[in-house]
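Read top to bottom, the protein sequences are chains A and B. Under the working numbering, residues 1 to 256 are what the first sequence spells out, in order. Under the working numbering, residues 257 to 504 are what the second sequence spells out, in order.
The hints are simulated quantities; they were obtained by calculation from the structure and are not laboratory data. Note that the Cβ used here is the ideal one computed from N, Cα and C, for glycine as well. All the pointers check out, no bait thrown in.
What the simulated footprint calls covered on chain A by chain B, stretch by stretch (three residues with Cβ under 8 Å from a Cβ of chain B suffice, anywhere in the stretch; the number is not a length): (1) 123-130; (2) 134-144.
Calculated from the model, a selection of chain A residues having no Cβ within reach of chain B, i.e. all distances over 12 Å: (3) GLN15; (4) PHE25; (5) ARG110.
When the alpha-carbon atoms are kept at most 25 Å apart in a straight line, the in silico SDA-like pairs for lysine to any residue are as follows: (6) A:LYS48 / B:TYR390; (7) A:LYS48 / B:ALA392; (8) A:LYS140 / B:GLU331; (9) A:LYS39 / B:MET349; (10) B:LYS327 / A:HIS221; (11) B:LYS327 / A:ILE139; (12) B:LYS373 / A:PRO37; (13) B:LYS323 / A:HIS221; (14) B:LYS323 / A:LEU24; (15) A:LYS48 / B:SER348; (16) A:LYS140 / B:LYS362; (17) A:LYS39 / B:GLU367; (18) B:LYS327 / A:ARG21; (19) B:LYS362 / B:SER348; (20) B:LYS373 / A:ARG41; (21) B:LYS362 / A:ALA135; (22) B:LYS476 / B:LEU278; (23) B:LYS323 / A:TYR132; (24) B:LYS362 / A:ALA33; (25) B:LYS362 / A:ILE139; (26) A:LYS39 / B:LYS373; (27) B:LYS389 / A:TYR132; (28) B:LYS327 / A:LEU27; (29) A:LYS39 / B:SER348; (30) B:LYS327 / A:PHE23; (31) B:LYS372 / A:ALA135; (32) B:LYS372 / B:MET349; (33) B:LYS323 / A:LEU32.
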Amino acid sequence: MLSLLTHIGRFTLRQLSEMGRMFLFLLSALMLAFRPPAKLRLIIHHIKTIGVDSLSVVLLSGFFTGMVMGFQGYYSLRKFNAESWLGSAAALGLLRELGPVLSAFMVTGRTGSAMAAELGTMRATEQIDALYSMAINPIKYLVSPRIIAGLIAMPLLTAIFDVVGIYGAYLVGVGLLGVSSGSYFSGMESSVVFNDVYSGFMKSLSFGLIITWVCCYKGFHAPPMATGVSQATTESVVLSFVLILIWDYFLTSIML
Amino acid sequence: MIRVVDVHKSFGGQQVLKGVTLEFATGKITTIVGTSGCGKTVLLKHLNALLLPDRGEVLVDNVDITKLRQKELYEMRGRFGVLFQAAALLDSMTILDNVAFPLREKTEMSESHIIKKVEERLDQVGLEGMGYKYPAELSGGMKKRAGLARALIMDPEIVLFDEPTTGLDPVLATGIHQLIARTQQAFGFTGVVVSHTIPQVFEISDYVAILAGGVIEENKPTREFRASQNPVVQQFIRGEIDGPIRVL
Numbered sequence: 001m002l003s004l005l006t007h008i009g010r011f012t013l014r015q016l017s018e019m020g021r022m023f024l025f026l027l028s029a030l031m032l033a034f035r036p037p038a039k040l041r042l043i044i045h046h047i048k049t050i051g052v053d054s055l056s057v058v059l060l061s062g063f064f065t066g067m068v069m070g071f072q073g074y075y076s077l078r079k080f081n082a083e084s085w086l087g088s089a090a091a092l093g094l095l096r097e098l099g100p101v102l103s104a105f106m107v108t109g110r111t112g113s114a115m116a117a118e119l120g121t122m123r124a125t126e127q128i129d130a131l132y133s134m135a136i137n138p139i140k141y142l143v144s145p146r147i148i149a150g151l152i153a154m155p156l157l158t159a160i161f162d163v164v165g166i167y168g169a170y171l172v173g174v175g176l177l178g179v180s181s182g183s184y185f186s187g188m189e190s191s192v193v194f195n196d197v198y199s200g201f202m203k204s205l206s207f208g209l210i211i212t213w214v215c216c217y218k219g220f221h222a223p224p225m226a227t228g229v230s231q232a233t234t235e236s237v238v239l240s241f242v243l244i245l246i247w248d249y250f251l252t253s254i255m256l
Numbered sequence: 257m258i259r260v261v262d263v264h265k266s267f268g269g270q271q272v273l274k275g276v277t278l279e280f281a282t283g284k285i286t287t288i289v290g291t292s293g294c295g296k297t298v299l300l301k302h303l304n305a306l307l308l309p310d311r312g313e314v315l316v317d318n319v320d321i322t323k324l325r326q327k328e329l330y331e332m333r334g335r336f337g338v339l340f341q342a343a344a345l346l347d348s349m350t351i352l353d354n355v356a357f358p359l360r361e362k363t364e365m366s367e368s369h370i371i372k373k374v375e376e377r378l379d380q381v382g383l384e385g386m387g388y389k390y391p392a393e394l395s396g397g398m399k400k401r402a403g404l405a406r407a408l409i410m411d412p413e414i415v416l417f418d419e420p421t422t423g424l425d426p427v428l429a430t431g432i433h434q435l436i437a438r439t440q441q442a443f444g445f446t447g448v449v450v451s452h453t454i455p456q457v458f459e460i461s462d463y464v465a466i467l468a469g470g471v472i473e474e475n476k477p478t479r480e481f482r483a484s485q486n487p488v489v490q491q492f493i494r495g496e497i498d499g500p501i502r503v504l
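Go ahead and model the full structure; you've got the sequences and the hints to work with.
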């Protein structure tokens, strides 16, 4: 019994200290991001890596998510003779929930994992030590620009996901299932308010922070070996997914 | 002058350094030898505080660098150049950008001056015209030379070499040793070399120290080291299995 309690205690302490280290890592990266000189070229480079390189997967997933919403929404709304509200249902679902969450999942899988693997490899091949030894702070050089880029790129990708998703639902609802084009857009116009867009924007902004923070942390502290890199990559994806869902719950409950 | 005093270091319960005390003469090359995994690289990484000791002091010009604040530590690290075992070139950059990197990040030099200085250093290490290549396109020896060019670009007072010839053929290893000796004579830096490439490394060393069992067993000028009757030194030089160093 005592041994079990000891194990639980040790595990809890380990998790708490890991959380503390993660928080300090984020704090340090954010503080260094605002300390001159600004790494504008690096930020632009990472916006390209996170944003442009994830664009195709975000477009594809957004389009198909929208089409599925078109089918499912039509099926549910028809039971209440409310098919004309399809545009409203699709837009609210995408703007408030599915757009931010699914595009964050796509970016985590596409870019976050690559970020963790790249930093993990840099750790294993002593490139991070080389930066320290050249008197260059690796957190300012490697992590801060990625976090800033994530904060900029994620809302943009989410906006693209939303627009493509709404168009996908329109194609299915109006093109295949015969919902009137006018009622699709007028329903959307009458029910979507600024707070819906704002809520989605805030979610995508915080998801951008979560993805870059978690993936950079895991990669930066990866054990310096091949298995260490793969372990860091897996952990970064899993932890990002979990934190996105938990944070999504809290934000939704606050901003509803 | 660099001095390590009674440095202890453990990793996960395994004690690697058990009270290392060693002094590195200014403007000379000191080589630390020892069996693989004995803690040479760990000791080297303490010299510019890439690792911090559990106990003990690392003194650079009588300042204990283990107690420096972050800003002072970064300033102190600016006095060092490091050639890592696998060169540790940033693989997203060309060789020219790698060598230019510390100048671009740490100085106000104009781009034309930076390029001129980088090309000069690349010439000195025999990599003229290779600046546009990426690290992945270079052989092991070329990477080491590019790493050396980067280590020397800020004209450091102290250069640390972590196994500079590991993985290279004997001819290339001799070439790298000669390059270290030549650049040391040209720039006058204090060199610390970690190696087990004996006896070749003796040719460039002013002093040799042997690390065994977590402590410095012997530290002498090269000629005296070679003639030492210390059984640890003799076993290591002769490469014998039987002796005070337990390998298997």
